[in-house]
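Given these sequences and hints, build the entire structure.
Protein sequence lines, in the order shown, are assigned to chains A and B.
Quick note: the first sequence, position 195, residue 195 per the UniProt record's numbering, numbers continuous.
Quick note: the second sequence, position 43, residue 43 per the UniProt record's numbering, numbers continuous.
Please keep in mind that the hints were generated in silico from the structure rather than gathered at the bench.
Please note that the accuracy of each hint is not assured.
Remember, identical chains collapse to one label, so a pair may be satisfied in a single copy or spanning two.
Simulated pairs of lysine-lysine, BS3-like, Cα-Cα distance not exceeding 25 Å [stated by the list, open to error]:
{"#": "1", "residue 1": "Lys63", "residue 2": "Lys149"}
{"#": "2", "residue 1": "Lys185", "residue 2": "Lys88"}
{"#": "3", "residue 1": "Lys162", "residue 2": "Lys149"}
{"#": "4", "residue 1": "Lys149", "residue 2": "Lys8"}
{"#": "5", "residue 1": "Lys57", "residue 2": "Lys208"}
{"#": "6", "residue 1": "Lys32", "residue 2": "Lys212"}
{"#": "7", "residue 1": "Lys63", "residue 2": "Lys32"}
{"#": "8", "residue 1": "Lys185", "residue 2": "Lys162"}
{"#": "9", "residue 1": "Lys40", "residue 2": "Lys185"}
{"#": "10", "residue 1": "Lys40", "residue 2": "Lys14"}
{"#": "11", "residue 1": "Lys212", "residue 2": "Lys88"}
{"#": "12", "residue 1": "Lys88", "residue 2": "Lys57"}
{"#": "13", "residue 1": "Lys11", "residue 2": "Lys147"}
{"#": "14", "residue 1": "Lys185", "residue 2": "Lys212"}
{"#": "15", "residue 1": "Lys14", "residue 2": "Lys212"}
{"#": "16", "residue 1": "Lys185", "residue 2": "Lys63"}
{"#": "17", "residue 1": "Lys63", "residue 2": "Lys208"}
{"#": "18", "residue 1": "Lys162", "residue 2": "Lys212"}
{"#": "19", "residue 1": "Lys88", "residue 2": "Lys208"}
{"#": "20", "residue 1": "Lys185", "residue 2": "Lys57"}
{"#": "21", "residue 1": "Lys57", "residue 2": "Lys162"}
{"#": "22", "residue 1": "Lys162", "residue 2": "Lys147"}
{"#": "23", "residue 1": "Lys14", "residue 2": "Lys57"}
{"#": "24", "residue 1": "Lys185", "residue 2": "Lys149"}
{"#": "25", "residue 1": "Lys11", "residue 2": "Lys40"}
{"#": "26", "residue 1": "Lys88", "residue 2": "Lys40"}
{"#": "27", "residue 1": "Lys147", "residue 2": "Lys14"}
Just so we're clear, the structure is a prediction, and the values are computed from it rather than from any experiment.
Protein chains: 2
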Amino acid sequence: MQLIDAIKQRKTIKMFNNQVQISREELTEMIKLAQLAPSKANLQPWRFVILDQAEQKQKLLDKVAFNAPPCESASAVVVILADLHYEKLLGDVLDHSIASGCLHQNFRENSFNFLMGVHNTLSPQDIRDQVLIDTSLATMQLMLVVKEKGYDSHAIGIFDRKAVLEVLEIDSERYAPVMLLAIGKAAVPALPSVRLPTEYTVSWNDGKQFRK
Amino acid sequence: MQLIDAIKQRKTIKMFNNQVQISREELTEMIKLAQLAPSKANLQPWRFVILDQAEQKQKLLDKVAFNAPPCESASAVVVILADLHYEKLLGDVLDHSIASGCLHQNFRENSFNFLMGVHNTLSPQDIRDQVLIDTSLATMQLMLVVKEKGYDSHAIGIFDRKAVLEVLEIDSERYAPVMLLAIGKAAVPALPSVRLPTEYTVSWNDGKQFRK
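Printed below as a string of structure tokens:
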């Protein structure tokens, strides 16, 4: 599928065909493409809890404001999380870089110390901002890849974050929820939407020219 | 360009051809495609300060850690911002929805009151999270569109946020910086990178199966 078509055709779907199943192989393939997104220092803070069992999806239903139908009818619901303790994986990231030929073994210790040094200068708010940003980049790629594979999605931003993490046994100290993404085959057409003109969203060469 | 190719070929470029110019028309077209990203309640909190004057780009150089060369050689550098006071545009968003036929005039007041009601329940941290997430979604689309148009990019996450906002006269109370995105034509090949296997990033049906 052409990129421009994926961008234009990706729309929020309110109801999916609940007879459609998506295999774990296909879901995993989508995640692999999504996580080619860029990430600060390649730290890859994105995490995905994929619900493909009806029983687990059901647990979300009274915790999702305004959006139970897409959750209920989706083939899978992905709880997208940002890892506030991404540094726990730093050694493994470097080992994978070495194994793939992207980093020479001799630089491992220096790289580790440098990156931990940068990490240690960050405030909790800096860390939260950064992992939310990087995880959202991968999330956007996931939504486009879903379209490419012939499926549709519904990004759910309004949900009881605390309750969802608790019911799915997700460590709320470690992981910050980004969104729920319901994935399936559309059973209804998408609602149309419109965007503000760029006079509202673009300013040239300084920050003074936004319309409001 | 195929979506999958754009995802695979988008890579961080360390140095651009500084002879390449990109017109404002083309940059604006890229932003219009980027901002087709989904946004909670269609509030569109993304803002873009586009630097295409050498003098303004120069102001960034000593404020960007490790990444001066891409900034200096880029055709344009986009300061990507999340609007913490997106609600100031809510009336205009609704008016545009009405003008385009997506919303009936009779529902304007109810929609406004409902959305302001939701807004007023949010904490400052909730608002910050939400605008960073939505802005990052549009940012990812922008990076892919840049590739589609035959250009390349470098996402810069490490910079002196306070100094950059100040020197570009961007209101730091209102706007949270997401990243700097240098855009141009690659003058050097991209560095290879590798991603963690999905055992680290995917857990099925609960939050207990991440490798670390």
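Now for the hints, and whether the structure bears them out:
no.: 1; hint: Lys63 with Lys149; verdict: neither (29 Å within a copy, 42 Å between copies)
no.: 2; hint: Lys185 with Lys88; verdict: neither (37 Å within a copy, 36 Å between copies)
no.: 3; hint: Lys162 with Lys149; verdict: neither (32 Å within a copy, 42 Å between copies)
no.: 4; hint: Lys149 with Lys8; verdict: both (15 Å within a copy, 16 Å between copies)
no.: 5; hint: Lys57 with Lys208; verdict: between (46 Å within a copy, 16 Å between copies)
no.: 6; hint: Lys32 with Lys212; verdict: between (40 Å within a copy, 18 Å between copies)
no.: 7; hint: Lys63 with Lys32; verdict: neither (29 Å within a copy, 34 Å between copies)
no.: 8; hint: Lys185 with Lys162; verdict: neither (29 Å within a copy, 45 Å between copies)
no.: 9; hint: Lys40 with Lys185; verdict: between (33 Å within a copy, 21 Å between copies)
no.: 10; hint: Lys40 with Lys14; verdict: between (34 Å within a copy, 14 Å between copies)
no.: 11; hint: Lys212 with Lys88; verdict: between (42 Å within a copy, 7 Å between copies)
no.: 12; hint: Lys88 with Lys57; verdict: neither (29 Å within a copy, 36 Å between copies)
no.: 13; hint: Lys11 with Lys147; verdict: both (9 Å within a copy, 22 Å between copies)
no.: 14; hint: Lys185 with Lys212; verdict: neither (39 Å within a copy, 33 Å between copies)
no.: 15; hint: Lys14 with Lys212; verdict: neither (32 Å within a copy, 35 Å between copies)
no.: 16; hint: Lys185 with Lys63; verdict: within (23 Å within a copy, 47 Å between copies)
no.: 17; hint: Lys63 with Lys208; verdict: between (41 Å within a copy, 20 Å between copies)
no.: 18; hint: Lys162 with Lys212; verdict: between (34 Å within a copy, 22 Å between copies)
no.: 19; hint: Lys88 with Lys208; verdict: between (41 Å within a copy, 16 Å between copies)
no.: 20; hint: Lys185 with Lys57; verdict: within (16 Å within a copy, 45 Å between copies)
no.: 21; hint: Lys57 with Lys162; verdict: within (16 Å within a copy, 43 Å between copies)
no.: 22; hint: Lys162 with Lys147; verdict: neither (29 Å within a copy, 38 Å between copies)
no.: 23; hint: Lys14 with Lys57; verdict: within (16 Å within a copy, 43 Å between copies)
no.: 24; hint: Lys185 with Lys149; verdict: within (10 Å within a copy, 30 Å between copies)
no.: 25; hint: Lys11 with Lys40; verdict: between (28 Å within a copy, 13 Å between copies)
no.: 26; hint: Lys88 with Lys40; verdict: within (15 Å within a copy, 31 Å between copies)
no.: 27; hint: Lys147 with Lys14; verdict: within (15 Å within a copy, 31 Å between copies)
Violated hints, in rising order: 1, 2, 3, 7, 8, 12, 14, 15, 22; the structure is consistent with all others.
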